[in-house]
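Just so you know, the sequence shown maps onto residues 143 to 612 in the numbering used here.
No wet-lab data here; the hints were simulated from the structure.
Computed beta-carbon distance windows for the label pairs:
(1) Gly467 - Gln314: 42 to 50 Å
(2) His246 - Ser311: 45 to 53 Å
(3) Val494 - Tyr319: 16 to 24 Å
(4) Ala552 - Arg289: 49 to 57 Å
(5) Arg180 - Gln369: 29 to 37 Å
Dumping the calculated DMTMM-like pairs for lysine to aspartate or glutamate here, alpha-carbon to alpha-carbon at most 25 Å:
(6) Lys442 - Glu410
(7) Lys580 - Asp608
(8) Lys345 - Asp421
(9) Lys426 - Glu340
(10) Lys199 - Glu166
(11) Lys426 - Asp365
(12) Lys335 - Glu384
The structure displayed is predicted, hence computed values, not measured ones. Cβ atoms here follow ideal geometry from the backbone N, Cα and C, with glycine treated the same way.
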Amino acid sequence: MHYCNLAGPTIDWLVDELGLGITEAVFAPEHTLYSVPRTYKAGTIDGTSAVLVALLKKLETYDNITIHTTTQAIRLIQDELSGRIIGVMAVDGNGMLQEFYAEHGVILATGGFGNNPAMLEKYVAGSEDWLMIVAPGSTGDGHRMAREVGADLVNMEYVPTYNYGFERSNGQIQMVYVRSELFGGLYINSEGKRFVNELATQKSREHALRVQPGSVMFEVFDDAINQANNRSNINALIADGEIASANTIEELAVKIGLDPDVFAQTIETYNSYVDAGEDLDFGKTPLNVKIETAPFYAAKLRPLGLLTLGGVSIDLNGRVLDTNGSAIPGLFAAGEMLGGLHGTHISSGNGVTAPIVFGRLAGQQVVLTEKFGLRPETAATTDIVLTDGTFSGSAMSFGGEMKVEVTVEAGKITEITILSHQDTPAIASGALETMVGKILDANSINVDTVTGATITSKGLINAMQDALSN
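Take the sequences, apply the hints, and build the full model.
Quick look at the structure:
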């Protein structure tokens, strides 16, 4: 209901404030039919989504926004005392650690996890046989970072697929909607048999394919059906040999790796059902077209995934909820990061609208959040007495406890040994080496922290203070 209430004002915002050129709702025949026109089509600008172009143009009007296109977020920074999310740790294009702190909060809008095969297989059985066409960045990083700070991940097994996954001979994956079933085409599995009513609901057909051996089907049709369908892209795939063709059913079976006898029997049985006017296997109606006119064709298809529907739970203000249902302070989410919004499938068209609606909501709400006092980049001055000896100390750093050993000779810090730490080695090692050099040169722990490694730097300073205060 909240989504429905926000959708209309968001469309108005796109038109009135971003100048999107849409005037009225229309039907979208490529989607599941609905009773009232409710699709708004903005078209494209130079091949790019008009909505994206409008948003980018709006961003260009602000002089206080910096976009980092080669910087990868790796971890959320959480205040130890309040649990509030206060920033993001990231690695830039040069492999250097960066820390970005937020006055109001952080919005996770990192997409789904459709480009992370290991995560897909973890949550969805059989997905290793699917084909995925998703954004390169949809690797589940936001899901992982959210989970690390206690966020509740829901509906992670909800990954809708469509029976349009087509792999060309060169390995290129694409969406191919053959649609021969509308004119009498059949769905045949790798055992050479029908497995579903080809005119059942889209959801039923998609589920049926997912449970077939290897999640493979062949959409089979003859020349008469192809002429009735008359789709230029299908004709082109036939001409290129990407869709198999043959002059007999048995020959077609051999080409696509099916048992010729089983496949021929399946077609013969189906044709007899057409003659009798009743599909005894799946109850398909209408039933009036045989598979009998050479040449015969078969398009090999697999489930095709375009997005994932699992992610974090949010409240009505877009704040991410933890596993107890409480909002995690300072953390918001939008887009494919959200779980529990669509269910197992998306209602046609909402895959685009929902990210805009909840992205706008998160942006509106995050600036209303009370500011958080940002961490200083320079360590506070601490008075310590350097007494000769070797001392051990510890303190909390980014990943956990850091332990150090410090040697003082003739009132001078001569050696600092990092006994153990739990920070990411590839990121922390350089920062710690730099900090040790600074402290030895200054003979003091009152030194500036390493930019981009503030928490690790302060972990070392605090551990040394603990050692030298004993």
